[in-house]
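Peer 1: Given next are the chains, with one letter for each unit.
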Amino acid sequence: MKRVYVNEKWCLGCHLCEYYCAFANSGQSSMVKALKGRRIAPRIQIEERNNISFAVSCRHCTDPICVKSCISGALSIVDGAVFIDSDKCVGCYTCILTCPYGALTHSEQGAVQKCELCKTNEFGVPMCVQGCPNQAIVYEER
Amino acid sequence: MAVRFLYPEFEVVRNQDRCVACRACERQCANEVHRYDPELGCMVADESKCVNCHRCVSLCPTRALKIVKTDHAFRENGNWTGKAITEVYRQAETGGVLLSSMGNPEPYPIYWDKLLINASQVTNPSIDPLREPMETRTFLGKKPGGIQRDAQGRLINNQTPQLELSVPVMFSAMSYGSISYNAHASLARAAQALGTYYNTGEGGLHEDFYQYGPNTIVQVASGRFGVHKDFLEAGAAIEIKMGQGAKPGIGGHLPGQKVGPDISRTRMIPEGSDAISPAPHHDIYSIEDLRQLVFSLKEATEYKKPVIVKIAAVHNVAAIASGVARSGADIIAIDGYRGGTGAAPTRIRDSVGIPIELALAAVDQRLRDEGIRDQVSVVIGGSVRSSADLVKAIALGADAVYIATAALLALGCHLCRTCQTGRCNWGIATQRPDLVRRLNPDLGCQRLVNLVTAWDHELKEMMGGMGINSIEALRGNRLMLRGIGLNQKELDILGVKYAGE
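Line by line, the protein sequences give chains A and B.
Going by this note's numbering, 89 is the number at position 89 of the first sequence; the sequence numbering is gapless.
Going by this note's numbering, 216 is the number at position 216 of the second sequence; the sequence numbering is gapless.
These are calculated hints, taken from the structure and not from any lab test.
Just so you know, even glycine gets a beta-carbon here, dropped at the ideal spot from N, CA and C.
It cannot be assumed that every hint is accurate.
[Unchecked claim] Some, not all, of what chain B presents toward chain A, calculated at C-beta under 7 Å:
1. ASN15
2. GLN16
3. ARG18
4. ALA24
5. GLU26
6. ARG27
7. LEU59
8. THR62
9. ARG432
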């Protein structure tokens, strides 16, 4: 299955992936409309210290601990990718506590949000990858 | 603070309606132009630091930025232009030699733009390169003067070593030091993918790039940095650099702050020491001395590699080239005054040397007149900007061209001409690890391959249009060119007729 991978060697720490992610999942038609004057809550986040930076988003683990820990059945695996059904989510945050990557976060819309590889929004392909200027984030089979 | 005589050259125009304050501009500007002001709640800019490299413009996700030339004006006149006034102020402030980067930007004539290419009509029909074979493969090196046979009448192979190019375009010398590791990696990989060559410049060859040796030209210049037996043997050819188009007659200076551990090892000089290339080679004062170096290098590599001698296009270039041809060099590289550099004194860059078009025509004619054109191949550089320039260069007599500025543009260079600051936002002319990282060689290599592949397509189209199906038939074929807007002297030197003749 194709996943989002990060080549930290090429990450510039420009944070553009976060903005493309926030825009892609906003449902708005332009980035300006989606993000102007707002604090963004992207599903991919740059971790950085000193000269090292890299983007972190859901790994879509083959044996995802978040899915196992979900008490309401909101998290499920479809074709290898982990999706969340916000109608079922009860906001217990167990998944947030268990994810070793910190890839699930609180959402202002539903209770919890996570990267769904842009498969549930209008773009269809991960926008963080499209927006990365240095191919530090790639979407590929490994 | 003292009185400021100079107003910033550029203005940063931000469309606040579009700016989402993602701060990518701030994070990407090594000149620290952009800043987020939490009190104002928006991005602000200090345009006095802007060099107009377009890094922020290119990365802005909402196209909220553009850079414009300021319309702030001096009381200019035809003699005292804004530029002349500015430069006097800068020197009065600093007391220093003005430094500049990249090629001569002055509005001298560009002869490429005054030459027109022929096409076939009715007779000698044109050729469609998509349907018929079109040969752009080129061999560089001395061509045998005659057929030799042994006592039994069998042919003796008297062919000297040759460079084989799939396209008549090579990447010219840029040292590791003046450009980054990733820029070198991009050039090396692209040269390999394209079946052509890149040139190490005078900085030695990083150990990681020995694997690209079959596509590498190694350079020996006046500082002899990084020259040792393995280095000479690693390359496909050896280039002796006598001069550089951007700064004929002077040497080079890589500041000590750019000489980090890797560069120190590659150049074989102490870390942090200035790398100074002398203006002359201290062992070359005549063609005979040059011949000694040519043959020393051939001896060191067992006569397996062609030797290139690179000279700058200066006033007596034809006579100099004739001497070089007789020195035993296999290839002459001529660099015109538009050729780029990482740093040169502005006055020298802008006022020394001659146009490559005239130099090439003069050299080719002189070598032909003296009957020694076959003894050497001629490669020219110094601002070949497009495949049209390439076609014109070959028709004027070049065997191949060197490109460097065009190659750097492909890698992201925006010709901001501030390489000497070492803060290249595109990761090219810098050694700062955080900036070097910005040039991913996977992307860089692909863009170089794309550029040269595109030129190759266009070259074939133009050759086909002329009814020519091999580079050999175009080389020195000045009947395929006509001049426009040129005087008789210029036409005579270029050896072309006027349009309509």
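Peer 1: For each hint, tell me whether it holds in the structure or not.
Peer 2: Verification of the hints:
Given the 7 Å rule on beta carbons, the hint for ASN15 (chain B) is violated: about 9 Å separates it from the nearest Cβ of chain A. Hint on GLN16 (chain B) is violated. Least Cβ distance to chain A is approximately 10 Å, over the 7 Å limit. At a threshold of 7 Å, the smallest CB-CB gap from ARG18 (chain B) to chain A is about 5 Å, leaving the interface hint in force. Interface restraint check for ALA24 (chain B): the shortest CB-CB distance to chain A comes to about 5 Å, inside 7 Å, so the restraint holds.
At about 10 Å, the closest approach between the beta carbon of GLU26 (chain B) and any beta carbon in chain A exceeds 7 Å, and the interface hint on this residue is violated. At a threshold of 7 Å, the smallest CB-CB gap from ARG27 (chain B) to chain A is about 5 Å, leaving the interface hint in force. A cut of 7 Å between beta carbons decides the hint on LEU59 (chain B): the least distance to chain A is about 6 Å, and the hint holds. At a threshold of 7 Å, the smallest CB-CB gap from THR62 (chain B) to chain A is about 5 Å, leaving the interface hint in force.
Against a cut-off of 7 Å between C-beta atoms, the interface hint on ARG432 (chain B) is violated, since the closest Cβ of chain A lies about 10 Å away.
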